[in-house]
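Going down the list, the protein sequences come from chains Y and G.
With the first letter of the first sequence counted as 1, position 7 gets the number 6 in numbering that gives the first Met the number 0; the numbers rise by one all the way through.
With the first letter of the second sequence counted as 1, position 93 gets the number 92 in numbering that gives the first Met the number 0; the numbers rise by one all the way through.
By construction, these hints were calculated from the structure, which means they are not laboratory data.
The structure displayed is predicted, hence computed values, not measured ones.
Treat the hints with caution; some may be incorrect.
All copies of an identical chain are treated as equivalent in the list; a pair is satisfied when it fits inside any one copy or across any two copies.
When the alpha-carbon atoms are kept at most 25 Å apart in a straight line, the in silico BS3-like pairs for lysine-lysine are as follows [said to hold, decoys possible]: (1) Lys296 to Lys187; (2) Lys274 to Lys190; (3) Lys74 to Lys108; (4) Lys274 to Lys191; (5) Lys296 to Lys216; (6) Lys165 to Lys41; (7) Lys19 to Lys108; (8) Lys249 to Lys22; (9) Lys165 to Lys187; (10) Lys258 to Lys216; (11) Lys187 to Lys19; (12) Lys296 to Lys258; (13) Lys191 to Lys41; (14) Lys41 to Lys190; (15) Lys258 to Lys190; (16) Lys216 to Lys274; (17) Lys77 to Lys22.
Number of protein chains: 2
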Amino acid sequence: MKLLVVGSVAFDAIETPFGKTDKILGGAATYIGLAASVMNVKSGIVSVVGGDFPQEDMDLLNNRGVNTEGIEIIKEGKTFFWSGRYHNDLNTRDTLVTEVNVLEHFDPKIPDSMQDAEVLLLGNLHPGVQLSVLEKMNHRPKLVILDTMNFWMDTAWEVLMEMVSKTDVITINDEEARQLSGEYSLVKAAKKIHAMGPEFVIIKKGEHGALLFHEGKVFAIPALPLEEVFDPTGAGDTFAGGFASYLVKKETFDFETMKSAIIVGSALASFTVEKFGTERLKEITPAEISERIAQFKDLTTFEVEV
Amino acid sequence: MKLLVVGSVAFDAIETPFGKTDKILGGAATYIGLAASVMNVKSGIVSVVGGDFPQEDMDLLNNRGVNTEGIEIIKEGKTFFWSGRYHNDLNTRDTLVTEVNVLEHFDPKIPDSMQDAEVLLLGNLHPGVQLSVLEKMNHRPKLVILDTMNFWMDTAWEVLMEMVSKTDVITINDEEARQLSGEYSLVKAAKKIHAMGPEFVIIKKGEHGALLFHEGKVFAIPALPLEEVFDPTGAGDTFAGGFASYLVKKETFDFETMKSAIIVGSALASFTVEKFGTERLKEITPAEISERIAQFKDLTTFEVEV
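So that you can see chain Y by itself, here it is in the shape it has in the complex (with noise of 0.2 Å):
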């Protein structure tokens, strides 16, 4: 099995209290893809940059082992450019700049290569973008993965309805799961989102870890308490792409496997964190995985006798 990811490839400029970088190789599609050549599975990415973006950020997917075919280069445009601030608790942030620029007017074009991909994982784009995907696909993938977030909930509610309506798997934070479904209650948010279409709803909390539902069962994870989170950039994407990724490698997507395969994106999206950027993603190794898994599981694992 393949990953078919689509999402942003582009630059980002990062403060955060220990430091800061000048623009950096970022962007959802990045992470994912990343994620993915870390956990041996075989990715593409569908995306746009502009003429300014270095042949070394492509030659380092590639090398990894992501197919970059369908990364369109507009030579006389600008890459996607993201520039944010976060506060002491890391788990806030200001965006002090948006360049859009050749995302704009972002038309995917599926690669060949990768029309046979079993999983595809929507990164967070404009929802009418994200169903074009579908359609341009000759066969509709096995699974669906979607991520979003509040800005198309409050600009483009329908088609993004439409998206949600077309996806197996949501992936959103707990105040987007409460804009989306008008409720509080996590429990009761996760229903309404699966009579959107659903099956499996991720509901992120950072630092306080991700939910899992499915059919009236849910898991919970807490994230990994870490001496130094340095910098939280482009975590949700590595956990999704750690996520997504399993879901590949084990070829089945019951709920036992998506709990695990949420472990394993935990699991990656601590690294991440660790240090600037994909700095410290591009260095894991399995031994190191490993490692991290069996600290989750010491995290969490108790025995009680009442």
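Given chain Y, work out where chain G should sit, using these hints.
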């Protein structure tokens, strides 16, 4: 073994998005005592109430095996009263009224019948009052559990530090842990708090669960996602009461037992929030507790093969 509880016995008037109450029985020590009774653990409360405190409420505690000899009644005084309104997210609230009343000059008196308590749970009060309890005990209890809050960090830092230095287990929320330690990372915060005295640091995160830190080890438990969070009042106190009661029952204070105790506390707290005030807590059966603990197991158990 038995549990000595020092804390408020009070009236609350509560408003949530789902309804409101008149003055009802509340106070940290009340929730803790009731949690102990649910766990079949002998407990006694040291507190103070006014002449307005109904005999009926005192009977309720006595009938459930909570020793009330240490609850002083100041006939001419009025019982502590708190009134608050929860926001829609049920995670934040506004205090509408705080009438400290007889609690203002609370001078705890430990009845002889409770001098031999092996576990002391000091509910959230002025740290000077908490310290005076320790001084009034003929023998230091085997385990001292401290609940405190940011208010005392702002107003009584030095005496709080003295109290903390004499504490075995401290329970605070995440923001308080950050304030107490001056560290944003909860791992670092726990380390600094260990150095202040407590061997065990419990960080309560409300709807996001709790963390337990001990000698470089960490345990994390999510809260049980509930369809209906009706009224969060007393959840933290129920948690502390269930936690302490389990330790009393097991007569063991090591990391593994504390992990189990946190599950029990979380399970009991998940009942408390289902109805107003102490209503649900009073009804819990042993079968329900076992069932809820099994739910926590289901909620958090996973297998991963990478």
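Violated hints - listed by number, lowest first
7, 8, 13, 14
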